[in-house]
Amino acid sequence: MDSLVRLQFSKVGKARFISHLDLMSTMRRALLRAGVSLKYSEGFNPHPYMSVALPLPIGCASVCEFMDVRVGGVDALAVGGGERGAFGGGGEVGGFVHDASADGGGETGAFDGGVGGVVSGEIGDFGGEIDGEVGFSCDAFVEKINAQLPEGIKILDIYTPMRKLKEISWVEIFGILYYDKGAPADAAAKLAARYSERSIIISKKTKRSVSDLDIAPFIRDIEFDDADEVTIKAKVFVHDPTVSTDNLLAALSGGFAELAPDYASFTRLEVFDAGMRPFR
Amino acid sequence: MEPHVSLERILNNVQKPARYTGGEFGQIIKEKCVSEVSIAYCFPDMYEIGMSNLGLRIMYGAINGIDGVRCERVFAPWPDMEEQMRSHGLPLYALESGDPVSSFDIIAFSLGYELSYTCVLNMLDLAGVCVRSADRGPGSPLVIAGGVCCFNPEPLADFVDLFVVGEGEDVIREVIDAYVATVAGGEADARTGEDAMVVSEDAMVVSEVCDADTSAEAEEAGTSGARTGEDAAAEAAEAANAKKEAFLKTAAGIKGVYVPTLYDIEYNDDGTVAAILPHDGAALPVVKRIVRDLDEAFFPVNTIVPSTELVHDRTVLELFRGCARGCRFCQAGFSGRPVRSRSCKKLIEQGIESLSASGYDELGLLSLSSSDYAELPELCDGLLEWCRPRSISLSLPSLRADNFSMELMEKVQSVRKSGLTFAPEAGTQRLRDAINKNVTEEELLEACAVAFAGGWNSVKLYFMLGLPTETDEDVVAIAGIARAVLDTWKRHARNKSRGARISVSTSCFVPKPHTPFQWEAQIGMDEYLRRVGLVRDALRTKAITYSWHSPEQGLIEAALSRGDRRMGRVIEAAWRLGARLDAWSEFFSVERWLDAFKLCGLDAGFYAQRERSCGEVLPWSVIDVGVRESFLQSERELSRRAVASGDCREKCVGCGACALCK
Ligand code: SF4
Ligand code: SF4
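Protein sequence lines correspond, in order, to chains A and B. Residue 175 in numbering that gives the first Met the number 0 sits at position 176 of the first sequence, and the numbers go up by one each step. Residue 563 in numbering that gives the first Met the number 0 sits at position 564 of the second sequence, and the numbers go up by one each step.
Warning: the hint list may mix true and false statements.
What the simulated footprint calls covered on chain B by chain A, stretch by stretch (three residues with Cβ under 8 Å from a Cβ of chain A suffice, anywhere in the stretch; the number is not a length) [said to hold, decoys possible]:
1) 127-137
2) 303-310
Computed list of chain A residues with no C-beta within reach of chain B, every gap over 12 Å [said to hold, decoys possible]:
3) R15
4) D21
5) R32
6) G34
7) D261
8) P277
No farther apart than 30 Å at their CA atoms in a straight line, the calculated lysine-lysine pairs in the DSS-like style are these [stated by the list, open to error]:
9) K650(B) x K661(B)
10) K661(B) x K345(B)
11) K650(B) x K232(A)
12) K180(A) x K650(B)
13) K204(A) x K345(B)
14) K541(B) x K597(B)
15) K153(A) x K495(B)
16) K31(B) x K242(B)
17) K597(B) x K661(B)
18) K489(B) x K345(B)
19) K650(B) x K597(B)
20) K15(B) x K29(B)
21) K650(B) x K345(B)
22) K206(A) x K29(B)
23) K203(A) x K15(B)
24) K29(B) x K541(B)
25) K153(A) x K203(A)
26) K165(A) x K489(B)
27) K180(A) x K232(A)
28) K153(A) x K254(B)
29) K153(A) x K31(B)
No lab work stands behind these hints: they were computed from the structure. Every residue, glycine too, gets a C-beta built ideally from N, C-alpha and C.
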């Protein structure tokens with residue numbers, strides 16, 4: 000009765016410094032504490048099936064992360080403290096045993112079919128399929144897991160995935176650029192000019208070599224602002240080639256060095272498929 | 000607290016930044032209030048080591064369980080982080096609130112290893128707090144320490160205001176009560192957080208900063224320039240000092256508390272201690288404290304689950320404290336006496352509760368000699384009933400060959416099989432009898448046979464070189480045991496296709512205070528290496544790997560363990576010469592330490608390699624761990640005659656420690 004579920008979560012504040020590998024064990028333990036039983040691989044060293052889309056670099060925040068987990072159900076003993084409590088009884092929903100009456104007197108939101116408010120409408124294509132019995136999003140359950148997570152990690156939604164994580168092609172990022180000696184004059188305009196060039200050649204390191212890459216075709220909807228702080232917002236391609244935030248800033252070398260920040264702090268805002276529709 | 004930009008930026012430049020952020024699941028955040036007592040609980044090593052330490056978790060939970068007391072964690076930074084902190088002027092901060100350590104009322108160090116002493120000094124310095132107690136002004140936090148190193152507190156006597164001797168969970172309450180009664184209240188106004196936040200880029204400059212500290216503070220308090228203002232500031236400083244002194248005198252009345260300033264030490268011309276002279280009513284000796292009933296004692300079932308990998312990612316249970324075996328080299332064994340156990344029922348409860356609360360998939364059954372726990376089979380069965388269906392495995396930190404069984408092995412490694420480790424410690428029966436390690440070669444080989452037949456192929460064997468009375472014959476016999484284990488594998492292994500992995504490891508014996516060997520000399524580094532050579536030559540077979548610890552850390556550990564108060568100068572000198580994380584061999588330099596000794600006109604050999612005479616006043620005799628010195632003497636005599644004295648669970652050998660329970 001195991002099934003695959005997708006967690007959408009944010010990773011901000013102190014949690015930005017949790018590495019990808021540590022995130023996996025942190026999530027695993029949080030799910031176990033919340034009473035979710037995980038499906039383990041067979042063999043000498045069993046491990047749960049978990050995968051994260053596009054691991055975030057350490058230090059980068061995100062409000063739009065995804066992790067797929069194979070779950071075997073909810074440990075009613077653990078969750079309900081001995082009785083078949085919060086998740087005991089009721090019908091089986093996407094692998095979870097769920098009883099709305101037990102976890103909050105059937106309040107609205109305890110079980111709202113569909114992917115819910117976050118992206119409703121935009122992904123109407125398949126909204127119908129994940130409605131009702133198959134897909135689900137369970138607020139009480141989200142809350143239960145959130146109570147087990149470290150500061151800065153928060154589950155935003157849980158549902159049965161209908162698309163593969165590798166369909167993610169574009170990522171929208173937001174960054175604050177810091178200049179120790181004060182921002183250059185007209186920073187936003189100058190940056191916008193640099194990034195609107197036809198071709199933006201950077202040198203990109205791969206595992207074995209360093210090669211030149213034109214990142215211009217892989218950046219979209221780039222915007223800058225310098226009202227309070229110098230900020231950048233853009234969609235970058237993440238599928239081969241992947242344009243990292245470092246790659247993006249690598250454009251500010253040579254004649255543009257004056258625009259290169261001393262430090263930049265990035266947040267991932269949204270992810271998109273190849274058709275630029277938000278991915279869920 | 001959200002990391003503010005500068006910390007965020009620093010964290011982007013260091014390795015494993017998650018160890019510096021806090022925010023883990025289970026951390027205790029207490030509301031700050033005016034009347035609170037705040038304690039920065041400092042562990043003088045890295046986060047990964049400290050968070051694996053059960054003592055830290057117990058004390059953190061126990062202290063935070065006290066109303067009006069806020070306890071936060073502080074760990075040592077790795078050198079890359081230290082460099083960033085010093086260059087950006089970021090003072091050492093506590094993980095929960097991010098507040099600078101200098102803003103806490105009390106800084107408490109947990110001391111588990113002598114080689115962390117320089118780290119204690121470095122952490123104080125990074126906090127902007129003067130390392131020497133005498134230099135700390137009225138606004139400075141109180142510096143206290145606990146942990147097993149406090150059974151000889153003398154080497155740190157210059158730096159620590161107050162030591163808690165023995166198990167700390169009860170004593171700390173009494174210390175805090177005394178603090179509230181004598182210091183808290185006025186203290187809050189005297190402390191000027193900002194002054195204390197000055198962190199020098201270079202540790203060497205700090206003493207100057209510190210020397211000027213008191214006057215600078217007084218000056219600042221009197222910015223009005225008026226003569227009366229200065230007087231008032233001086234008066235306030237004096238009042239704060241008086242309060243601190245009053246507190247220390249009151250605290251010295253608490254059982255298990257040692258206040259070094261209340262003792263004068265006199266030395267003989269030959270450098271040995273002539274007399275320990277208490278004043279102001281201080282106790283001599285200070286008797287260690289213990290918790291009598293472990294079932295009643297606090298245990299942290301709800302504990303922090305770090306978001307970054309530790310040395311041991313697991314939940315632990317503490318089966319008992321103390322050890323009845325009486326191995327003559329073992330300080331933990333003697334200083335932890337008498338044995339006090341938790342009940343099986345309580346342990347099963349605590350195990351299930353803490354596993355549910357942590358989400359770990361391993362439960363470590365921790366104690367000095369866990370397989371000696373009387374109800375071990377019942378305990379394992381009770382726990383496994385809950386653990387098995389959840390893929391949680393049990394582990395024992397060490398095994399003893401003399402009570403080893405397949406049944407137990409299967410229980411404690413039911414899910415994941417890892418290697419077996421045995422510590423025969425010495426190569427011949429004669430020497431094992433001399434050190435009272437009651438295990439025979441037959442027992443060891445039998446245990447290995449059982450394990451090999453059960454499918455294990457790897458065994459690690461630990462030995463010490465340089466034990467008192469050791470001869471070359473004893474040394475060479477180590478290789479003999481290893482070969483016998485290999486033969487046993489050849490005869491009993493179920494599956495020989497993967498080959499046997501047998502490894503032998505030796506370390507240099509460090510004589511420790513409060514053991515029958517406290518009077519003994521450590522062997523020199525060259526002699527140790529000669530003996531290593533003997534083992535290596537005798538072990539020429541590919542199937543057995545041999546590794547040995549370098550004797551350098553052992554030498555300094557030996558000098559520090561049995562050091563007197565003058566050792567404080569050496570520790571400070573070594574730290575000023577750059578010693579930091581000495582417990583990490585990559586940062587340890589024996590030359591630096593030897594230079595430090597030279598600078599102070601002292602000799603490491605005097606402390607490490609000198610045999611003490613029977614009547615010598617031992618610096619640590621200011622502490623009484625409950626085991627009579629006459630008993631240690633008689634054990635030493637027995638050792639010389641290679642007579643074992645057995646396990647005191649079977650027959651009390653009259654060490655005296657049980658009197659602590661009365
Ligand atoms: S068995 Fe021996 S070495 Fe182990 S803790 Fe007990 S006394 Fe120490
Ligand atoms: S007094 Fe006897 S029983 Fe108690 S710890 Fe000492 S030797 Fe063991």
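Hints and how they fare:
{"no.": "1", "hint": "127-137", "in the structure": "violated (count 0)"}
{"no.": "2", "hint": "303-310", "in the structure": "holds (count 4)"}
{"no.": "3", "hint": "R15", "in the structure": "violated (8 Å)"}
{"no.": "4", "hint": "D21", "in the structure": "violated (5 Å)"}
{"no.": "5", "hint": "R32", "in the structure": "violated (4 Å)"}
{"no.": "6", "hint": "G34", "in the structure": "violated (9 Å)"}
{"no.": "7", "hint": "D261", "in the structure": "violated (9 Å)"}
{"no.": "8", "hint": "P277", "in the structure": "holds (27 Å)"}
{"no.": "9", "hint": "K650(B) x K661(B)", "in the structure": "holds (19 Å)"}
{"no.": "10", "hint": "K661(B) x K345(B)", "in the structure": "holds (23 Å)"}
{"no.": "11", "hint": "K650(B) x K232(A)", "in the structure": "violated (76 Å)"}
{"no.": "12", "hint": "K180(A) x K650(B)", "in the structure": "violated (76 Å)"}
{"no.": "13", "hint": "K204(A) x K345(B)", "in the structure": "violated (57 Å)"}
{"no.": "14", "hint": "K541(B) x K597(B)", "in the structure": "violated (43 Å)"}
{"no.": "15", "hint": "K153(A) x K495(B)", "in the structure": "violated (50 Å)"}
{"no.": "16", "hint": "K31(B) x K242(B)", "in the structure": "holds (23 Å)"}
{"no.": "17", "hint": "K597(B) x K661(B)", "in the structure": "violated (47 Å)"}
{"no.": "18", "hint": "K489(B) x K345(B)", "in the structure": "violated (43 Å)"}
{"no.": "19", "hint": "K650(B) x K597(B)", "in the structure": "violated (48 Å)"}
{"no.": "20", "hint": "K15(B) x K29(B)", "in the structure": "holds (26 Å)"}
{"no.": "21", "hint": "K650(B) x K345(B)", "in the structure": "holds (27 Å)"}
{"no.": "22", "hint": "K206(A) x K29(B)", "in the structure": "violated (47 Å)"}
{"no.": "23", "hint": "K203(A) x K15(B)", "in the structure": "holds (25 Å)"}
{"no.": "24", "hint": "K29(B) x K541(B)", "in the structure": "violated (57 Å)"}
{"no.": "25", "hint": "K153(A) x K203(A)", "in the structure": "violated (33 Å)"}
{"no.": "26", "hint": "K165(A) x K489(B)", "in the structure": "violated (51 Å)"}
{"no.": "27", "hint": "K180(A) x K232(A)", "in the structure": "holds (22 Å)"}
{"no.": "28", "hint": "K153(A) x K254(B)", "in the structure": "violated (47 Å)"}
{"no.": "29", "hint": "K153(A) x K31(B)", "in the structure": "holds (26 Å)"}
Comparing the model with each earlier hint shows violations of hints 1, 3, 4, 5, 6, 7, 11, 12, 13, 14, 15, 17, 18, 19, 22, 24, 25, 26 and 28; every other hint is respected.
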